[in-house]
Amino acid sequence: GEDVEQSLFLSVREGDSSVINCTYTDSSSTYLYWYKQEPGAGLQLLTYIFSNMDMKQDQRLTVLLNKKDKHLSLRIADTQTGDSAIYFCADYGNNRLAFGKGNQVVVIP
Amino acid sequence: SAVISQKPSRDICQRGTSLTIQCQVDSQVTMMFWYRQQPGQSLTLIATANQGSEATYESGFVIDKFPISRPNLTFSTLTVSNMSPEDSSIYLCSAWTGTEAFFGQGTRLTVV
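In order, the protein sequences belong to chains A and B.
Counted from 1, the first sequence has number 210 at position 4 by the working numbering; the numbering is strictly sequential.
Counted from 1, the second sequence has number 337 at position 62 by the working numbering; the numbering is strictly sequential.
Derived from the structure by calculation, the hints contain no laboratory data.
All C-beta atoms, glycine included, are put in the ideal place defined by N, C-alpha and C.
Worth double-checking, as some hints may not be accurate.
Unchecked claim - Okay, the calculated beta carbon distance ranges per label pair: (1) B/E329 <-> A/D222: 43 to 51 Å; (2) B/C288 <-> A/E244: 23 to 31 Å; (3) B/G373 <-> A/D209: 17 to 25 Å; (4) B/S359 <-> A/D284: 41 to 49 Å; (5) B/S328 <-> A/A247: 26 to 34 Å.
Construct the entire structure; sequences and hints are all you get.
Here it is as structure tokens:
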């Protein structure tokens, strides 16, 4: 894992879909992760994708990976108020797990 | 999955002292990592804890300031040495199972 970039803030209405984006630079990344962190809480692993996959769906979560562009996205369908949190992407490569800056998602009821 | 127990959960320490943070995993894991998270910030990797050998430190972090031990595949410690107020932060332990990476609840350290 080397540098990982994320945008900072997203506001979304309850019931809509949220899309969070992330770019990374380490071409040797083998696994890419999405974590959720609520205020004052630890990091919760939401989902991950192996680098030879381009999509993974897990209930309301869809991860898309464009390895050529080193771009990772997380789509949350039917966003709920409980989805309000900071979301971090991370990539594992070269025996390192590096994190992006995080994206705060605020869900408006 | 892996369950990680980290302690202490929080501490207030005097400057110039040292604090050792413990991280226990409920299963053997391939890799263990230590991070620092400042309020409102992302996680900064301090080092990778290697079992049976010296930790691998990231740029800006040195062994004298952050000595790390990993005596076996389920346990690691991070010591924050000669603390100053700038060391006030949340310190997090992570365990990588070979596919997934899990985190402890963190240690909130305040140096006064």
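Status of each hint after checking the structure:
1. B/E329 <-> A/D222: 43 to 51 Å: With a Cβ separation near 49 Å, B/E329 and A/D222 satisfy 43 to 51 Å, so the hint holds.
2. B/C288 <-> A/E244: 23 to 31 Å: Hint holds: Cβ distance 27 Å, inside 23 to 31 Å.
3. B/G373 <-> A/D209: 17 to 25 Å: holds, 24 Å
4. B/S359 <-> A/D284: 41 to 49 Å: holds, 47 Å
5. B/S328 <-> A/A247: 26 to 34 Å: holds, 33 Å
Hint violations for this structure: none, all hints satisfied.
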